[in-house]
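Chains as they are written, first to last, in the working numbering: chain A, 2 to 266; chain B, 2 to 266; chain C, 2 to 266; chain D, 2 to 266.
Treat the hints loosely; a few may be bogus.
As the list makes no split between identical chains, a pair holds if one copy fits it or if it spans any two.
In silico DMTMM-like links for lysine to aspartate or glutamate, alpha-carbon gap of 25 angstroms or less [said to hold, decoys possible]:
no., residue 1, residue 2
1, Lys213, Asp183
2, Lys213, Asp15
3, Lys138, Asp9
4, Lys138, Asp22
5, Lys213, Glu231
6, Lys138, Glu158
7, Lys196, Asp9
8, Lys81, Asp189
9, Lys241, Asp183
10, Lys24, Glu231
No lab work stands behind these hints, which were simulated from the structure alone.
What follows is the residue order along each chain.
4 protein chains.
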Amino acid sequence: MMTDTRTDIITYGDVVSVYIDEKRNFVIRLVKGGILGTDKGFIKHDHIVGKSYGEFVRTSRGVKAYILPPILLDKLKLLKRTTQVIYPKDLSFMIYLSGITPGSHVVEAGVGTGFLTLSLASFVGPQGRVYGFDVNKRRIRILKEALDVLGYEDRVELRVADIRRLQIDLPGIDAVFLDIPDPWDAIDTIYRVLKPGFPAIIYVPTVNQVEKTVLALREHGGFISIHAYELLLREYDVSKGATRPQTLMIGHTGYIIYARKVVCE
Amino acid sequence: MMTDTRTDIITYGDVVSVYIDEKRNFVIRLVKGGILGTDKGFIKHDHIVGKSYGEFVRTSRGVKAYILPPILLDKLKLLKRTTQVIYPKDLSFMIYLSGITPGSHVVEAGVGTGFLTLSLASFVGPQGRVYGFDVNKRRIRILKEALDVLGYEDRVELRVADIRRLQIDLPGIDAVFLDIPDPWDAIDTIYRVLKPGFPAIIYVPTVNQVEKTVLALREHGGFISIHAYELLLREYDVSKGATRPQTLMIGHTGYIIYARKVVCE
Amino acid sequence: MMTDTRTDIITYGDVVSVYIDEKRNFVIRLVKGGILGTDKGFIKHDHIVGKSYGEFVRTSRGVKAYILPPILLDKLKLLKRTTQVIYPKDLSFMIYLSGITPGSHVVEAGVGTGFLTLSLASFVGPQGRVYGFDVNKRRIRILKEALDVLGYEDRVELRVADIRRLQIDLPGIDAVFLDIPDPWDAIDTIYRVLKPGFPAIIYVPTVNQVEKTVLALREHGGFISIHAYELLLREYDVSKGATRPQTLMIGHTGYIIYARKVVCE
Amino acid sequence: MMTDTRTDIITYGDVVSVYIDEKRNFVIRLVKGGILGTDKGFIKHDHIVGKSYGEFVRTSRGVKAYILPPILLDKLKLLKRTTQVIYPKDLSFMIYLSGITPGSHVVEAGVGTGFLTLSLASFVGPQGRVYGFDVNKRRIRILKEALDVLGYEDRVELRVADIRRLQIDLPGIDAVFLDIPDPWDAIDTIYRVLKPGFPAIIYVPTVNQVEKTVLALREHGGFISIHAYELLLREYDVSKGATRPQTLMIGHTGYIIYARKVVCE
Numbered sequence: 002m003m004t005d006t007r008t009d010i011i012t013y014g015d016v017v018s019v020y021i022d023e024k025r026n027f028v029i030r031l032v033k034g035g036i037l038g039t040d041k042g043f044i045k046h047d048h049i050v051g052k053s054y055g056e057f058v059r060t061s062r063g064v065k066a067y068i069l070p071p072i073l074l075d076k077l078k079l080l081k082r083t084t085q086v087i088y089p090k091d092l093s094f095m096i097y098l099s100g101i102t103p104g105s106h107v108v109e110a111g112v113g114t115g116f117l118t119l120s121l122a123s124f125v126g127p128q129g130r131v132y133g134f135d136v137n138k139r140r141i142r143i144l145k146e147a148l149d150v151l152g153y154e155d156r157v158e159l160r161v162a163d164i165r166r167l168q169i170d171l172p173g174i175d176a177v178f179l180d181i182p183d184p185w186d187a188i189d190t191i192y193r194v195l196k197p198g199f200p201a202i203i204y205v206p207t208v209n210q211v212e213k214t215v216l217a218l219r220e221h222g223g224f225i226s227i228h229a230y231e232l233l234l235r236e237y238d239v240s241k242g243a244t245r246p247q248t249l250m251i252g253h254t255g256y257i258i259y260a261r262k263v264v265c266e
Numbered sequence: 002m003m004t005d006t007r008t009d010i011i012t013y014g015d016v017v018s019v020y021i022d023e024k025r026n027f028v029i030r031l032v033k034g035g036i037l038g039t040d041k042g043f044i045k046h047d048h049i050v051g052k053s054y055g056e057f058v059r060t061s062r063g064v065k066a067y068i069l070p071p072i073l074l075d076k077l078k079l080l081k082r083t084t085q086v087i088y089p090k091d092l093s094f095m096i097y098l099s100g101i102t103p104g105s106h107v108v109e110a111g112v113g114t115g116f117l118t119l120s121l122a123s124f125v126g127p128q129g130r131v132y133g134f135d136v137n138k139r140r141i142r143i144l145k146e147a148l149d150v151l152g153y154e155d156r157v158e159l160r161v162a163d164i165r166r167l168q169i170d171l172p173g174i175d176a177v178f179l180d181i182p183d184p185w186d187a188i189d190t191i192y193r194v195l196k197p198g199f200p201a202i203i204y205v206p207t208v209n210q211v212e213k214t215v216l217a218l219r220e221h222g223g224f225i226s227i228h229a230y231e232l233l234l235r236e237y238d239v240s241k242g243a244t245r246p247q248t249l250m251i252g253h254t255g256y257i258i259y260a261r262k263v264v265c266e
Numbered sequence: 002m003m004t005d006t007r008t009d010i011i012t013y014g015d016v017v018s019v020y021i022d023e024k025r026n027f028v029i030r031l032v033k034g035g036i037l038g039t040d041k042g043f044i045k046h047d048h049i050v051g052k053s054y055g056e057f058v059r060t061s062r063g064v065k066a067y068i069l070p071p072i073l074l075d076k077l078k079l080l081k082r083t084t085q086v087i088y089p090k091d092l093s094f095m096i097y098l099s100g101i102t103p104g105s106h107v108v109e110a111g112v113g114t115g116f117l118t119l120s121l122a123s124f125v126g127p128q129g130r131v132y133g134f135d136v137n138k139r140r141i142r143i144l145k146e147a148l149d150v151l152g153y154e155d156r157v158e159l160r161v162a163d164i165r166r167l168q169i170d171l172p173g174i175d176a177v178f179l180d181i182p183d184p185w186d187a188i189d190t191i192y193r194v195l196k197p198g199f200p201a202i203i204y205v206p207t208v209n210q211v212e213k214t215v216l217a218l219r220e221h222g223g224f225i226s227i228h229a230y231e232l233l234l235r236e237y238d239v240s241k242g243a244t245r246p247q248t249l250m251i252g253h254t255g256y257i258i259y260a261r262k263v264v265c266e
Numbered sequence: 002m003m004t005d006t007r008t009d010i011i012t013y014g015d016v017v018s019v020y021i022d023e024k025r026n027f028v029i030r031l032v033k034g035g036i037l038g039t040d041k042g043f044i045k046h047d048h049i050v051g052k053s054y055g056e057f058v059r060t061s062r063g064v065k066a067y068i069l070p071p072i073l074l075d076k077l078k079l080l081k082r083t084t085q086v087i088y089p090k091d092l093s094f095m096i097y098l099s100g101i102t103p104g105s106h107v108v109e110a111g112v113g114t115g116f117l118t119l120s121l122a123s124f125v126g127p128q129g130r131v132y133g134f135d136v137n138k139r140r141i142r143i144l145k146e147a148l149d150v151l152g153y154e155d156r157v158e159l160r161v162a163d164i165r166r167l168q169i170d171l172p173g174i175d176a177v178f179l180d181i182p183d184p185w186d187a188i189d190t191i192y193r194v195l196k197p198g199f200p201a202i203i204y205v206p207t208v209n210q211v212e213k214t215v216l217a218l219r220e221h222g223g224f225i226s227i228h229a230y231e232l233l234l235r236e237y238d239v240s241k242g243a244t245r246p247q248t249l250m251i252g253h254t255g256y257i258i259y260a261r262k263v264v265c266e
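Go ahead and model the full structure; you've got the sequences and the hints to work with.
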C-alpha cells in the first residue's frame with residue numbers, strides 16, 4: 002500500500018476551514034495581513050500560515066481555533082445564499098441516485114445558491130463537467146466567484162439561460178438535475194440532453210409539484226423507474242445515560258423525483 | 002462545450018442492467034450463449050449484444066426489457082448479501098459527509114456485503130483507493146469477485162484483518178468508514194490512520210452503540226465536530242388527485258456518527 | 002380515598018380478552034359450551050368462567066392464555082373490517098383535539114368499520130351520544146351488531162344516510178368527525194350541526210384531499226383555527242444494550258384536519 | 002334524536018377562550034371590570050358577557066376576537082408551566098392506550114405542570130377519579146389552583162407524595178400513568194395499585210430510560226404486552242397548488258411505554 006509524502010503546510014492563498022465550535026466555523030482564503038473577526042476574538046491569517054491541518058491557533062481572546070482542510074461541507078459556507086438552498090441530506094441522496102462518477106458530465110438548472118453545483122463539481126472531479134444554468138444573471142455571477150476561489154472554474158460552466166428553452170448542444174450528459182419551480186416544462190429538454198439509460202433528478206418543495214412532475218414524466222413517455230422520495234434527518238443529543246433525538250428538527254425541505262430515460266419507440 | 006463521440010453499442014463482456022419493471026431488474030455480464038431467465042420469460046444475451054443503451058429487447062413471452070447502463074444503484078445488485086447491508090439513504094449521506102473526491106484514499110471496515118465498498122470505489126474513481134478490511138475471509142472473497150467484474154480491482158484493496166488491531170502502514174487517509182459491532186474499540190486505529198482534519202464516519206444499528214461510540218470519541222480526545230444522525234426515507238405513490246406516501250416504509254436501518262480528527266496537544 | 006369492593010369473577014355473557022402472545026389475542030363473549038380455537042390449542046369458555054381478570058387458563062396444548070378485561074384496544078378486535086380503518090395513533094389524536102368529554106354529543110360519517118365509532122362511544126360514555134352515518138347499509142348493520150355486544154346500543158345511533166345531504170335535526174353537537182372521500186361536499190352540513198365554537202375533525206388519506214378540504218373550509222367561512230396534521234408512530238425493540246426502532250413501520254395512514262366553527266357575520 | 006335546549010349566554014364566572022389568531026388566543030375567567038390586554042388592543046370582560054359562543058367582540062383597536070367554549074386544548078393554557086410538559090400528540094396516545102372511560106379511577110405521578118392530569122380529569126368525567134402525586138409541594142399547589150378554576154376539584158385528588166414509596170390504599174385503579182425520572186423504581190407501586198388486567202402508561206424522554214424501564218418491567222414479572230413507542234407530528238401548510246409540511250417541527254418529545262398487569266403465579 003502506498004505511502005503519502007505530501008506535506009500539508011498551510012500557506013497564503015490556501016482556502017482553510019477555521020473551527021472554534023459548532024456555531025463558530027468559517028471558511029477563508031488566507032491573505033497576507035488578513036484578519037478573521039469572531040465574537041470569541043480575532044485571528045490573524047499570518048498566524049495560520051505555517052501551521053499544518055488539524056493544529057490550532059488561538060484567537061486574540063485565547064480561544065482555540067482548529068485549522069482544517071476544507072472538505073465538501075465546509076466549502077458550502079463559501080456560497081452566498083441568494084435563494085433557498087438544498088440541504089446536505091437531499092444533496093447526498095440526489096447525487097447517489099444519479100450514479101455520477103469522476104469524469105461524469107452533468108446538467109443542472111437552476112443553480113440558485115449553488116449548493117448542488119459545488120457538490121456536483123466536487124464529485125465529478127477535474128475530468129468531469131457541470132453545465133449549470135439559471136435565469137438569474139446575478140446569481141450566476143455570485144456563484145461563479147465562489148467556485149473560482151475553489152479552483153472549480155475548469156469543471157463548471159455556468160450560463161444565464163432558461164433550461165426550458167435550452168437550444169445549445171450538450172451531447173453525452175450522464176445526469177440532469179433540476180431545481181426549478183416548473184420542472185414539467187423542462188421535460189423535453191431533459192429528454193433531449195440525457196444519454197439513453199441515464200437519470201434525471203428533480204427537487205421540488207411542494208407535494209403538488211411532485212404530482213405534476215411525475216404525471217408529466219409519465220405522459221411524456223421515454224422514462225422508466227419513476228420514483229418520488231422524501232427524507233427526514235434527525236440529530237441526536239448524546240450524553241451518558243440520557244441519549245435522545247434533538248428537540249427541534251427540520252420537518253420539511255423538499256421532495257426528490259427520480260426517472261430514467263429510455264428510447265421511445 | 003464538448004461533444005461526446007463515444008458509441009455505446011453493447012457487446013460481449015459488458016455489464017448491463019436489464020429492466021422489465023420495478024420488481025424485475027437485473028444486472029448481468031453478457032456472455033455468448035448466455036440466458037437470463039425471469040418469470041416474464043427468458044432473454045438471450047445474444048439478443049442484447051448490438052443494442053444501444055436505452056433500447057429494449059423482448060423476453061420469450063414478448064415482454065419489453067430495457068437495456069440500461071449499470072449505474073451505481075444497479076451495480077449494488079451484483080453483490081451477494083453475506084451480511085446486513087447499509088441502505089442507499091445512509092450510504093449517500095455517509096459519503097457526502099466524508100467529503101471524499103475523485104482520488105481520495107479511504108479506509109473501510111468491516112466491508113460486509115460491500116454496498117459501501119462498491120459505492121466508495123465508484124466515487125473515488127480510478128485514481129482513488131479503498132482499503133477495505135473484514136475479519137471474515139469468505140465475505141472478502143465473495144466481495145472481491147463482484148468488484149473484479151466491475152473492473153474495480155485496481156482501486157479496491159481488500160484484506161482479511163481486524164481493524165481494531167490493524168498494524169499495517171496506511172498514511173494519507175482522507176476518510177475512515179466503520180460498520181463494525183464495537184467501533185469504540187477501533188478509535189485508536191481511526192485516529193492513527195486519518196490525516197489530521199479529516200473525518201471518520203461510523204454506522205451502527207442500535208442507540209446504545211451510538212452512545213458508547215460518541216462517548217468513546219469524546220474520551221479519546223483529538224476529535225471535534227462529533228455528531229450522530231438518523232435518516233428516514235419515505236416514498237410517495239403518485240396518481241392524479243390521489244398522491245400520498247406509501248403505506249409501508251423502513252422505519253429503521255441505523256445511525257450515522259461523524260467526527261473529525263484534530264491534532265492532540 | 003375510596004375502596005373498591007367490586008368483584009371481578011368472570012361469568013357467562015361477559016366479553017373478555019384472551020391473550021396468549023402479541024400475535025394471538027382475541028376478544029370473545031363467553032357462552033356455555035363455547036370453544037376458542039387457536040394454533041396453540043383450544044380453550045373452553047367454561048374454563049374461563051369463574052376466573053378473575055389477570056389470571057390465566059391453559060390451552061389444550063398447555064400454553065398459557067391470560068384472561069383480561071376488554072379495554073378500548075381489545076374492543077376494536079370485535080369489529081369486522083368492511084373498509085380501511087383509522088389507526089389508534091390517529092383515532093387518539095382526533096379524539097383529543099375534539100375536546101369531547103363524558104356526555105358529549107357527536108356526529109360521525111362515514112362510520113365504515115367503526116373503529117372511530119366504538120372509540121367515541123367509549124369516551125362519551127353512557128350519557129353521551131354518537132350519531133353515526135354511512136351510505137352503506139351493510140356496513141351499518143355489521144357495525145351495529147358488534148356495538149350491541151358491547152352494550153353501546155343506547156349511546157350510538159347508526160343510520161344509513163349521506164352526511165352531505167343530511168336533513169334530520171341534530172341540535173347541540175359538540176364535535177363532528179368525517180372520514181368520507183369528499184369532505185368538501187359536507188361542509189354545509191358540518192357547519193349546520195355543530196354548536197358554535199366547537200370543532201370538526203376530518204380524516205383523509207391523500208394530500209390532495211387535505212388541500213381541497215382546507216381550501217373549502219376557508220372559502221366557506223365561519224371556521225377558524227384550521228390545521229392539517231400527520232402522525233408517524235414508531236415502535237421500539239428493546240433489549241439490553243441493543244435498543245433500536247423496529248425495522249418496518251407504517252409510513253402513512255392519513256391526514257387529520259381540524260377546524261372550529263364560529264358565527265358568520 | 003334529542004333536541005338541545007341549553008342556552009349558551011356567557012356570564013360572569015364563566016371560563017372562556019378568546020381567539021384573535023393562532024398566536025393570540027387566551028383562556029380567561031370573566032370577572033366584573035376585568036380587562037384582557039393583548040398586543041392587538043384590550044378587551045373588557047364586560048363586553049364578552051351576554052355574548053354567545055362563536056360570536057366575536059372587537060378589541061380596543063378594532064380587531065376581531067372570537068369567544069369560544071374552552072375545550073380541552075384551550076384549558077391546557079390555564080396551567081402554569083412548572084416543568085417540561087407532555088404534548089397533545091403524546092397525551093392523546095397515552096390516554097387512548099389506557100382504555101379509560103367515564104368513571105375510571107386512575108393514578109398519575111408526577112403530575113408536574115398538569116397537562117396529563119387535566120386531560121385525564123376531562124376524560125374520566127365527574128364520576129371518575131384522578132389520584133395525582135408529585136414530590137414537589139409548589140407544583141401541586143399551583144396545579145390545584147388551576148384545576149379548581151375548571152371545577153375539577155371533586156374528580157382530582159392531588160397529594161405531595163413519592164409514588165415510589167406510596168403507602169396509601171388505592172384499590173380499583175384502572176390505569177396508572179407515570180412521568181418520573183426513574184419509573185423502574187416505581188414498578189412495585191404500579192403493580193400493587195393496578196387492577197389485574199389493566200395497563201400502566203409510562204412517559205420518558207430518553208432512550209436509556211426506555212430500555213431500563215422495559216427491562217425492569219420484564220424482570221419484575223406480572224406484566225404482558227409491553228411496548229415502547231415514539232410519535233412524530235408534522236403540521237402542513239396548505240395553499241392552492243403549494244401544499245407542503247411545515248419547515249420546522251418538534252423532532253422529539255418523549256417515548257411512551259405500555260404494559261398490562263397480570264396475576265403472578
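Hints and how they fare:
no., hint, result
1, Lys213 - Asp183, "both (9 angstroms within a copy, 21 angstroms between copies)"
2, Lys213 - Asp15, "neither (46 angstroms within a copy, 37 angstroms between copies)"
3, Lys138 - Asp9, "neither (37 angstroms within a copy, 37 angstroms between copies)"
4, Lys138 - Asp22, "neither (36 angstroms within a copy, 41 angstroms between copies)"
5, Lys213 - Glu231, "both (16 angstroms within a copy, 22 angstroms between copies)"
6, Lys138 - Glu158, "within (14 angstroms within a copy, 47 angstroms between copies)"
7, Lys196 - Asp9, "between (40 angstroms within a copy, 10 angstroms between copies)"
8, Lys81 - Asp189, "neither (31 angstroms within a copy, 38 angstroms between copies)"
9, Lys241 - Asp183, "between (48 angstroms within a copy, 15 angstroms between copies)"
10, Lys24 - Glu231, "between (27 angstroms within a copy, 21 angstroms between copies)"
Hint compliance for this structure: hints 2, 3, 4, 8 are broken, all remaining hints hold.
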